[in-house]
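Participant: Below are the chains, spelled out letter by letter.
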Amino acid sequence: MGLGLVKKGRTIRVVALLAALLLPILRAVAQSPDEPEMADALRQSGKIYVVVTVIAVVLAGLLFFLISLDRKISRLEKEVRD
Amino acid sequence: MKNNWWKGLAVVLLLYVAVAGLLMPVPRLAILNESIRNLYFHVPMWFGMTAVLTASVYYSVRYLRTPTPQLDILSHEAAKTGIYMGFVGLATGSIWAKYTWGAWWTNDPKLNGAAIAMLIYGAYLVLRSSFQDEQQRARISAIYNIFAFAAAMPLFFILPRLTASLHPGAGGNPAFAKYDLDSNMRLVFYPAVIGWTLLGFWLAQLASRVAFLKQKVYDKQLA
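Residue numbers (full-length UniProt numbering), protein chains in the order written: chain A, 1 to 82; chain B, 1 to 223.
These are calculated hints, taken from the structure and not from any lab test.
Every value quoted in this text rests on a predicted model; they were computed, and no experiment measured them.
Errors might be hidden in some of the hints.
Said to hold, decoys possible - Derived DSS-like pairs: lysine-lysine, alpha-carbon spacing no greater than 25 Å straight-line:
#1 Lys7(B) <-> Lys80(B)
#2 Lys216(B) <-> Lys80(B)
#3 Lys216(B) <-> Lys72(A)
#4 Lys78(A) <-> Lys220(B)
#5 Lys78(A) <-> Lys214(B)
#6 Lys214(B) <-> Lys7(B)
#7 Lys80(B) <-> Lys214(B)
#8 Lys2(B) <-> Lys78(A)
#9 Lys78(A) <-> Lys7(B)
#10 Lys80(B) <-> Lys72(A)
As the list claims (entries may be wrong) - Output of the computed footprint for chain A on chain B, the stretches with three or more beta carbons under 8 Å from beta carbons of chain A:
#11 17 to 24
#12 204 to 216
Glycine residues also receive a C-beta, built at the ideal position from the N, C-alpha and C atoms.
Isolated chain A, as found in the complex (with noise of 0.2 Å):
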């Protein structure tokens, strides 16, 4: 029973830490014109987004990369090991 608690405080721990990250995106951004310039126009027009799913890709593809040169430089650990 001890171990279900434990295991309880951890999900929702994990959860409100979900929560935390990811909520703060979800809200909308509205300014005045007279304050300084952003990128508001390019949000709007909501390709933004495809950009950020680029390089989203793009790191996502290099990380790969590191996983499976990884995981080669333990398969030679082992083939030298024996």
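Using the hints provided, position chain B relative to the given structure of chain A.
Facilitator: Frame of chain A, contents of chain B only:
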């Protein structure tokens, strides 16, 4: 797999930083404009560099206490990774400076301090490559590495604070504290620092493992 959780954490954090770093709201400031988002990419390079170089010094000290080729490799590869991150930091800072301060480089104490520190570390690589004898190379570069760290850290983080400077976090001004006190920026900035630092350690670890393998293969060929 159990020991690799931090690599998974690095992947998750970096993907989060790439998306949230571009989309989360940031303070609206003149001149900086959207370039304030560079905080998530330029600054973590220096955090990562410092962490990896600290690890390098740690291995150098351990090498001097118990000289093994493994400790020399770890210290060397960590130093190389740190130097890479430092140069990426200089390059990204230069781009940022061009579009906010109007010049690729200014004679700012923070910038020149960082450049001199990078040169000190460049000398580490030159010094290393100038030895034939492996033990001599390992010992002397371990000693130089400690000296380089002791000389570079004040150049990065202490001396620029003592004089006037354009750069945030210098000339007595408290870095981006007044902006990243903005809780929205903190939500991306701290994960970014952790993510990029972990990536630095990951790269250093991979480089070290390749060097270990190389050494093992050499040893086998000699035997």
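Participant: Evaluate each hint against the coordinates.
Facilitator: Hints versus structure:
1. Lys7(B) <-> Lys80(B): holds, 20 Å
2. Lys216(B) <-> Lys80(B): holds, 21 Å
3. Lys216(B) <-> Lys72(A): holds, 16 Å
4. Lys78(A) <-> Lys220(B): holds, 15 Å
5. Lys78(A) <-> Lys214(B): Given that 25 Å is the threshold and the Cα spacing comes to 13 Å, the pair holds.
6. Lys214(B) <-> Lys7(B): It holds: about 23 Å lies between the C-alpha atoms, which stays within 25 Å.
7. Lys80(B) <-> Lys214(B): holds, 17 Å
8. Lys2(B) <-> Lys78(A): Holds. Lys2(B) to Lys78(A) sits at ~17 Å (cutoff 25 Å).
9. Lys78(A) <-> Lys7(B): Roughly 20 Å between the alpha carbons, so the hint for Lys78(A) and Lys7(B) holds.
10. Lys80(B) <-> Lys72(A): holds, 22 Å
11. 17 to 24: Coverage by chain A holds for the stretch 17 to 24 of chain B (6 residues, Cβ < 8 Å).
12. 204 to 216: Coverage by chain A holds here, the residue count being 6 at a Cβ distance below 8 Å.
Going down the numbered hints, you'll see the structure goes against none, and every one checks out.
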